[in-house]
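Participant: These are the residues of each chain, in order.
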Amino acid sequence: MSFLRLATLIRHGGRIAEPAPTAPPLFPGAEVFGGSVQVRYINAGGCNDCALEVSAAFGPVYDVERYGARLVPSPRHADVLLIVGSVTRNMAEPLRRTIEATPTPRFVIAVGDCAIHGGAFRDGYGIVGPVSDFVHVDIEVPGSPPEPTEIVQALRRMTGR
Amino acid sequence: MTGIGAGLLLQLGLGALAVVTALLAAPSLRSRAGGILCTLIAVTGFITGLAAMLGATGGLLIPVALPMDPLLLAPDRLGGLFMLIVSGVGILVSIYSMSSTSGPDASRTAWVAMPVFLVGMQLVPAATDSVSFLLAWEIMTLGSTVLLLADHASRASVASAGIWYSAMSQLSFFFILAGFAVLAAASGGTSFSNLQAIEPGSAAANVAFVLLLLGFGGKAELVPLHVWVPRVLPEAPSHVSAAMSGAMVKIGVYGGLLVCVRLLPDGPAWWGIAIMLVGGASALYGILQASVSSDLKVLLAYSTTENMGLVFLGLGASMLLRGYDATAAADAALVAALLLAVSHAAFKSTLFLGAGAIIHATGERNLDRLGGLGARMPVTAVAFGIASLGAAAIPITSGFVAEWMLLQSLIHGGRQGGAVVSIAASVAMPIAVAVIALTAGLALLTFVKAYGIAFLARPRSVEAADAREVPSLMRISLALGALSVLALGLLPGPIAALVATTVSSDPTAAVQTVGLGGVSLPGIGAVLDPIMLVVLSALVAIPVIVAIIVSARRHPHRTVDLPWGGGGSRARPRMQYTATSYAEPLVRVFDDVLKPSRDVQVTHVAESRYLVEHVRVEQTVSDVIETRLYRPVLNLFQRYGKAARHVANGSIHRYLTYSFVALLIVLIVVSL
Amino acid sequence: MSAIIIALVQVVLFVFLAPLLMGVIRQVRATIEGRAGAGIWQPWRDLRKLLAKNPVRGTDSSWMLRVGPVALVVSSLLLCVLLPLVGTIPFALIPSDLFVIVSIMLIGVVALALVGLDGGTAFGGMGSSRHMTVAALVEPTLLLSVYAFSIPAGTSTLSVIVETRLLSPELIISPVSVLALVALSIAIMAETARLPIDNPGTHLEVTMLHEAMTLEASGRDLAWLEVGSWLKLAALLGLVSNLIVPWGIVTDFSTLGLLIGVVSIAVKVLVLGVLLSVGEIFLAKVRLFQVPELLAGSFALAFLAVTASYLVA
Amino acid sequence: MFETFFPQLIGLCTGALLLTSALMVWRHSLLASIRLLALQGVALAALVAVIGIAEGESELGLVSLLILSVKGIGLPWVLAYQSKASIKQIQESTRLNPTAALLAVTLLSILSYVVVSRVFGLGDSSTGHAAPIGLAMVLIGFLLLISRRRARSQLIGFLVLDNGIATTTFLTSGGVPILLEFAVSLDVLLVVLILHVFTGRMRTKFGGTAVDQLRELHD
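Residue numbers (the numbering used here), protein chains in the order written: chain C, 956 to 1116; chain P, 77 to 748; chain R, 323 to 635; chain B, 132 to 350.
Going by beta-carbon spacing under 7 Å, a handful of chain P positions derived as facing chain R:
no., residue
1, PHE476
2, ILE487
3, ALA510
4, ALA533
5, SER627
Once the Cα atoms are required to be at most 20 Å apart in a straight line, the calculated SDA-like pairs of lysine to any residue come out as:
no., chain 1, residue 1, chain 2, residue 2
6, R, LYS607, R, HIS525
7, R, LYS607, B, ALA163
8, P, LYS671, B, ASN228
9, P, LYS671, R, GLU615
10, P, LYS671, P, PRO708
11, R, LYS607, B, ARG158
12, P, LYS671, R, PHE611
13, P, LYS671, P, VAL303
14, P, LYS671, R, GLN612
15, R, LYS607, B, PRO229
16, R, LYS607, R, VAL528
These are computed hints drawn from the structure, not numbers from a lab.
These figures come from a predicted structure and were not determined experimentally.
Ideal Cβ placement from N, Cα and C applies to all residues, glycine included.
This is chain C alone, in the form it adopts within the complex (with noise of 0.2 Å):
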């Protein structure tokens, strides 16, 4: 794409992000953050709605960033880990230990009612369990999948912005 013709698409297309809604109130304990929150996200076995819900969270129209919220990739760095689907056997002991390696004071926030409690996948031969069953889950939003912007508002409640 040409310098000019990038320069008129950017010209052109403004502002995208939607006007934020009213901030719902912070989660107890997240304080700490003090409205920088980094992201890891993972996904447990899901089947990919959840997923894309989540992207579109961090895109330009819903835009969780400007709260403070950003995807990191390493659980090093993460101080909040957004687990979609249900837990499969492949991926159980990678969440334990994605879990073990994120420094504290960590949060978990389960998206999808996969994560929540199975979902529809819930007696699949290859699930092991929501992942509930891992890691104490500190917020969870239901949906199948849920709006990004309920994605955006648990978000919000970790930022406290």
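Starting from the known structure of chain C, arrange chains P, R and B on it as the hints suggest.
Facilitator: Frame of chain C; chains P, R and B shown alone:
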């Protein structure tokens, strides 16, 4: 008899005593006794060299070189400096080698050769005439060859290294002999004061310059005469490699200085440019080979080529600049070259001794099989780390100050008072700076690789995992080496000022001491005080450290058993980057120069060729100069050798016929 | 004395300015992308939070994971002390000499590379290897470009170079200076892991250079690594801005001058940060094995600058 | 005021000429090369204008306008005439390793400096000092001619060479007679048009203009 003479005599006496002791002593005591005597030799040499460098005169006359003039050993200031370098390395090596109790390192042969080698190296810079110079040179070569071959029974590669070493040493010796012969023929005497009288621009001077440069360049590991280095230095026992690389190579440098500064000063401009070219090529080629090498000792050996290249680059620049009367910059470049030689002696002998400690602890010198030694061998790790910083020219170590001075003299050398000195200099200086910069960058990568792969991360083999710290004498020697690297880096002012007295007619105009051991180059207007730099960094570090302490008290850390590897449970040590993979991007970047050979073998699963059972990747980077320059020549010789076998088949009749034909030819020629 | 005050002011200012610069860069990028952005103070919040966490360390990682980040910060802080940012009054015994500055920067480079290797992971080693390869290839450009600047000033001391440009501004638009500036900018982009050499916003391990080395660090270890990198970027941008627009820098010590110096360098660095951010929108990360080509190009420019300055002026 | 900045302006223009030549070796894309060529034409025109103002010759102003229209606008337009979409995708694959080519550029510039200073002497005027850049451009043009595979990229090399000749003449003699310059420019235009038609023909015949593939013509 003067003090210098007494010192030299004492060395010879101690050397003889050490040889006798090595022959007679019981095997259990041999290393201790030999080591103590070698240390004494080196200490005597150190004191003698220091005295000579500070200006003491005098010498040792040996009236036994008939039919030529009697031999005179009387080191001047420059000779004293090199005696100091050699004996300093000698002390480290002797202390280190005391703790070897068995095997080839403690054999009778090795302990006979060791004092011979040390004394030979001490005597070369003390010689004042070409005969005693060559004599001492041969003693040194003999000692080092025997030391190298002490281990030949256990490893076949040592024998091959020995052949290369002897061949290249004799080639060097031949060139030096021829060079001195040309000079002696032109000047009518063998002593250096006679040789000095030769006309600088004459044909004899030019021929002798080229011959001597080839001879000394071979000893100083310059490209393309460096081929013995990657074979010999890795194969020799580590303390011998340390002595060879730290000390013996400096004798080659001394030879270069002897020619360019003392015997044939004021040569034509092309001499300086030629030396700069050879030096720059050696520096780049050496470090490039070092950076892609996975064998720790090969890496160190090639890095020696690099450092000697930089020394000769400085020497050449100084010659070029002196020709244009840019005296301040010329002096600074020469002092920088010497300082680099001194600091190289310190850091490279420590590095080789550190490699020896690693081999002692693990039996491995392949970096790809090391790792995690930092926790297991802390003293070695710290000493090796400091010496690596020196080799990578990082501040507050000796290597940094030397390269800093060299770069300063180069960037100020091309101009004098706002005017360009000459077109040649103004083209040569930027290229030299670029070469040094690239060399320094690659050296950084090389030593980050060497240190990081060997000492950090997780052990890549059982041997590395089971490594234990080396015996105390080895640790003392390593610590001494590391301390000398730091001392040279922290107090460059006095050291550089002292070094300047050996080569400069007006040393205070070239180098001065400022502040707490800082160095200043008045002719250039550059100042550096490493101690102030340390103080400054300590000051800025204090708030950070306070913050860490406060934070650590409030938020203690937690230890987990696995590094983060994507959550998988199989983040094994084998998945770490190795030395080979570390250098892989570089191999690709310099593909055209290094010409690596890659071999990928894919084995498919029997059922389907779409599934891979295993992949084997092999990549070797060979020495291009060896394969492209030496191999063809050697093959040619081999072919002639085969042809000669037919000619000389052992039949006495045939030999008699040859003699007869030769006689006839001579008679015919005479009668014509 | 005035040198010490200026150095102190520089350190304090840049410790404050560096996170702000990152905030501005990210905010500008977010705005251009059509986002709302986290605000220019977000890096401060990140830092505060990282210092309040309990770091996690692997059993195999050594003291390097603890010391390396501190070494990086100290090297970057030394850059802020020694570079001519607010004022050009150098220390008598350690002037802002080009080679010393580059070597101090290399301490940080080495520390970061060793931290990358220390964890014993595949990604850390990969990042470290790439980082060092780039650093090795950048060094000739870095030295030669400043060498070109140093020729009209007759010294390699950066503060004198900046002062010379202040006194004779026609030097700024000379071809030598323009060539050297382009080369220096590319070298600095490579050195500070910005586009097109490295993508600072990437979350994909295989494309990472800088980020891959920090994957193993957490809590305050990570905080120091981040601060060190930010400070380095800010200090180097400060140097470039003072080479382009030297006006406002303090040459004779006075309180008012100091104030002007502080304000002007802050404005210059932030404006350059905005330009950098806007420029990065139009760039894509080049392939790793095209980076040497880019660096060779910048080296050629720097080399032309040096020879031209020798032979033309 | 102008006197103090005159050497800097000359330097800036010649610097831009050298920079664009070096960048042409660097970049692979044909479109980028054509744009750089246009930029080079503009820089050359500016150089002539600066010399004209310094020497007070209005004739040179006219020459400058001519150069601007021919080299800055005309030739690049002709070269880029073909549909934009196809030209964008043309990536030159050179015969020379790009890194080596860039190092060659630096060495060629040094060589031209050394040659000019040794053979002609640099003189004292700032124009005399900048003259080596003209020679360097000629050499770089040759390098482009040698190292490029495509006929059109080689054409660009030829034009750089021509610009180099023009630069040298302007800097050493302070300008050539207007008619001569006019004739030269027309010449070049003619060559370009012919070659353009020629390459067009070749394209229709062989589907490409990579010179390596033109062996068929020979056989």
